[in-house]
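Novice: The lines below spell out each chain.
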Amino acid sequence: METNTNEKLKKAASEALNISGAEAVIRCLLAEGANLVYGYPGGAIMPIYDELYKFQDELHHVLTRHEQGATHAAQGFARTSGKVGVALATSGPGATNLVTGIADAQIDSTPMVCITGQVASHLLGSDAFQETDIIGISTPVTKWNYQITKASEIPEIMAKAFYIARSGRPGPVLIDITKDAQFEKFDFAYQKCDGIRSYQPYPTLVMDAVDEAATLIAQAKKPLIVWGQGVILGKAEEEFKTFVEKSGIPAVWTILGLSALPTDHPSNRGMVGMHGNYAPNLLTNECDLLIAVGMRFDDRVTGDLTTYAKQAKIIHLELDPAEVNKNVLADVVLLADCKISLKALNDRVEEKTYPQWLQRFDELDAIEHEKVIHSDLNPSKTGLTMGEAIAMINKHSNGDAVIVTDVGQHQMVACRYAKFNQSKSNVTSGGLGTMGFALPAAIGAKMGAMDREVVAVIGDGGYQMTIQELGTIFQQHLAVKIVVLNNDFLGMVRQWQQLFFDKRYASTEMVNPDFVTIAKGFQIEAKRVKERKDLDLAVQEMMTSKKPYFLEVCVEKEDNVFPMIATGASVSDIRLE
Amino acid sequence: MEQKIFTISVYTENNVGLLNRISAIFLKRHINIESFSTSQSEIKDVFRFVIVVKMTAEKVVKIVKQIEKQVDVIRAFYHTDEETIFQENALYKVKSSALFEERQIQNIIKESHSNIVTVSPEFFVIEKTGFRNETEQLRKDLEPYGLLQFVRSGRISVTKAKMGISEILNTFKNNNK
Ligand SMILES: Cc1ncc(C[n+]2csc(CCOP(=O)(O)OP(=O)(O)O)c2C)c(N)n1
Ligand SMILES: [Mg+2]
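The listed protein sequences correspond, in order, to chains A and B. Each residue of the first sequence is one higher than the one before, starting from 1 at the first, in the numbering used here. Each residue of the second sequence is one higher than the one before, starting from 1 at the first, in the numbering used here.
Hints were generated in silico from the structure; no laboratory data involved. Do not rely on the hints blindly, as some may be mistaken.
[Unchecked claim] List time: in silico PhoX-like cross-link candidates among lysine-lysine, alpha-carbon distance up to 20 angstroms: (1) B:Lys28 to A:Lys326; (2) B:Lys62 to A:Lys326; (3) A:Lys527 to A:Lys503; (4) A:Lys326 to B:Lys69; (5) B:Lys69 to A:Lys160; (6) A:Lys326 to B:Lys59; (7) A:Lys150 to A:Lys185; (8) A:Lys160 to B:Lys173; (9) A:Lys160 to A:Lys192.
[Stated by the list, open to error] If the Cβ cut is set under 7 angstroms, some of the chain B residues that face chain A in the computed set are: (10) Glu13; (11) Asn14; (12) Leu19; (13) Ala24; (14) Lys65; (15) Gln66; (16) Lys69; (17) Val71; (18) Ile74; (19) Arg152; (20) Gly154; (21) Glu167; (22) Phe172.
Note that CB positions come from ideal geometry on N, CA and C, so glycine has one too.
Produce the entire structure from the sequences given, and follow the hints as far as they go.
Specialist: And the structure:
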């Protein structure tokens, strides 16, 4: 099997005389190891689909039900596999349907290559049928994009596309290929890209900065590590764990950093940000040294910048120069892939413990537990809470599942309470907050980690934004587990209306369809749970099923997610109720 | 913080969409571009954008990093007026009768150190290269005589300091040998 694949890759990479641009695209994909693509056909990309038909033994194409689904699936795949996700679409509406996923991948640094068909080059600019300027439209939301009008450009541009998407700070690349370039015959030869002179994705670490950082760490009495997705993207989980363990410094995560360090790790002290934990947020403004690892001080993390960690010295481990001093001024910057900077730091930090400082965490954790967590997980009221649904998933997954979340209250609750034992297990739309992300992303997440359970946790609102992807799950026989936490509300918006708009619930209450019937219509096993006593068994049944499974959990309609830092407020003003 | 005029110089590969990509960085931040020009640079196949903006020093640093982050951008720099030599070019089209009937025009042309580019029976064209206040003064001076057309180029500028683009490109070549 293994040699077989290698043979095929070799065949793909080898030179081929007089082949079409469309065939060249397929051979490029195979040469890059991309044997799984998501997409949707149409006129301007038909030559490529014709080649997909011929190459179907080598390259698996997943027909999503909407191009947005193709991008999110490619993202989900990238996030669990660490590889570049690929999405295909036709010109015009096919291409514009990709934009949300591309923007999501850009802001969350997800490696993705999108290939769009375009009208024939002689028609460009003529307002031809399904012509749209997707290069112009996608420019602000892509790491790079390029329009190919000649077949001979395909190998070099495709090689560049993959190189750019995955190197440095990853991101989405869009390649637009005119139909005539897909038909055109040429002599194909593929060479992987290993450098572009105008693009330096890996800055060289300055060792003096490492020494300065080590000195600051040695002097600190109340240091705090805040880590983000950079740890995962840099494949630096081991180095990070060593850093945390050796330094003895408490570590807290941004939503995209989640799962890089196991939930149970004693130094893992929870989430920062708007709905993060009490201690991490409050102690951000108490620490004397803040070590930011692969995170970019997003406003949802920092709240009001003028009152953010002003008392602390800041060390920033960052790969992207544009993120340095963008939101928060750093005292020491380690500009490098954090796998490298962490390793260098590990050689210089001393083993230490901070019993008093850690005690502050314990004190504040106890407060959060009493005011929020206890009632979230062991509610005394009749209605189910989102928290207990997540806790039940933990019970049956043992923390080994990939959890894919959509956007809203359920997302915050899931990230707060889900248990993770291994990295690349939390897939969510962080920077863009794209409702509709989870269901298609779960498809890709599963295909990127076939040996793992993948549970999508989705709100009743976001679920209906991409519900058509049930068709993809059905057609692909993918054992994705879908949990809709149904509060019959656009819950997160309703919470804001309650807190900041005097309970004027403008267009946030939803009359929902029978989700169980819908799932069954796609021949997906489905169940609804309304009562506490049925939750355990239902989740168990879902988790042990070898097939796709849909579980609707009807939860309290007007529960709120706490703690919360209001938009623009200081992290010190975190509220528990 | 005080807003100042900055000249941003961007060395790039020649790529069709790059102009759009760079201007989008300003658009996204709601920043008005004072002037924008692009041309071949001192290095073969390397292009140079000269962008003039008015903003705080803090902001310009961030913008330049965002520009430099683009894959096809080799390097981007920003400079204050004191750190650059810069000029603008302006063309003034005036009806020819004025040149012959108004003696004063001859003096204006002479004193402003501008050149007559072309003269035809209907009109003549004056060219002036200089600072904004100079081209502007000439425009005001010519206005009473019937300015048929006026156009001014974006700023072009070279820096007093060395740019070192060739070195950057050579380093890349050596690293990738
Ligand atoms: C595409 C998109 N549109 C609108 C929003 C704004 N928004 C954020 S959360 C939310 C409510 C989500 O409701 P639901 O999916 O039911 O999740 P819940 O908050 O109830 O758990 C909305 C409308 C968004 N994030 N994305
Ligand atoms: Mg809801």
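Novice: The structure should be examined with respect to each hint, and the outcome stated for every one.
Specialist: Cross-check of the supplied hints:
1. About 15 angstroms separates the Cα atoms of Lys28 of chain B and Lys326 of chain A, which keeps this hinted pair within 20 angstroms; it holds.
2. With a CA separation close to 7 angstroms, the supplied pair Lys62 of chain B and Lys326 of chain A stays within the 20 angstroms bound.
3. The straight-line distance between the Cα atoms of Lys527 of chain A and Lys503 of chain A is roughly 32 angstroms, outside the 20 angstroms bound, and the hint therefore fails.
4. Only pairs whose Cα atoms come within 20 angstroms are accepted, and Lys326 of chain A paired with Lys69 of chain B is accepted, the gap being roughly 13 angstroms.
5. This hinted pair checks out: Lys69 of chain B and Lys160 of chain A have alpha carbons roughly 16 angstroms apart, not beyond 20 angstroms.
6. Annotation: proposed proximity of Lys326 of chain A to Lys59 of chain B holds, straight-line Cα distance about 9 angstroms (limit 20 angstroms).
7. Under the criterion of a C-alpha separation no larger than 20 angstroms, the hint pairing Lys150 of chain A with Lys185 of chain A is consistent with the structure, at around 10 angstroms.
8. For the proposed pair Lys160 of chain A and Lys173 of chain B, the alpha carbon gap of about 17 angstroms is at most 20 angstroms, so the pair holds.
9. Between Lys160 of chain A and Lys192 of chain A, the direct Cα distance comes to roughly 8 angstroms. Compliance with the 20 angstroms bound is thereby established for this hinted pair.
10. The beta carbon of Glu13 of chain B is positioned within 7 angstroms of a beta carbon in chain A (closest approach about 5 angstroms), and the interface hint is therefore held.
11. Restraint check, Asn14 of chain B versus chain A: the minimum CB separation of about 11 angstroms is more than 7 angstroms; hint violated.
12. Using the Cβ-Cβ criterion of 7 angstroms, the hint placing Leu19 of chain B at the interface with chain A is not satisfied: the shortest such distance is roughly 10 angstroms.
13. Because the closest C-beta pair between Ala24 of chain B and chain A is about 4 angstroms apart, less than 7 angstroms, the hint holds.
14. Nearest Cβ of chain A to the Cβ of Lys65 of chain B: about 4 angstroms, under the 7 angstroms cut. The hint holds.
15. Contact between Gln66 of chain B and chain A, as hinted, is supported at the beta carbon level, the nearest pair being about 5 angstroms apart and thus within 7 angstroms.
16. This hint holds: Lys69 of chain B has a C-beta 5 angstroms from the nearest C-beta of chain A, less than the 7 angstroms allowed.
17. The restraint placing Val71 of chain B at the interface with chain A holds, with a minimum CB-CB distance near 5 angstroms, inside the 7 angstroms limit.
18. Look at Ile74 of chain B: its Cβ gets to within about 4 angstroms of chain A, closer than 7 angstroms, so that hint holds up.
19. A distance limit of 7 angstroms between C-beta atoms decides the matter here; for Arg152 of chain B the minimum to chain A is near 28 angstroms, and the interface restraint is violated.
20. Checking Gly154 of chain B against chain A by beta carbon gives a least distance of about 21 angstroms; that is not within 7 angstroms, so the hint is violated.
21. At its closest, the beta carbon of Glu167 of chain B sits 12 angstroms from a beta carbon of chain A; the interface hint therefore is violated under the 7 angstroms criterion.
22. This hint holds: Phe172 of chain B has a C-beta 4 angstroms from the nearest C-beta of chain A, less than the 7 angstroms allowed.
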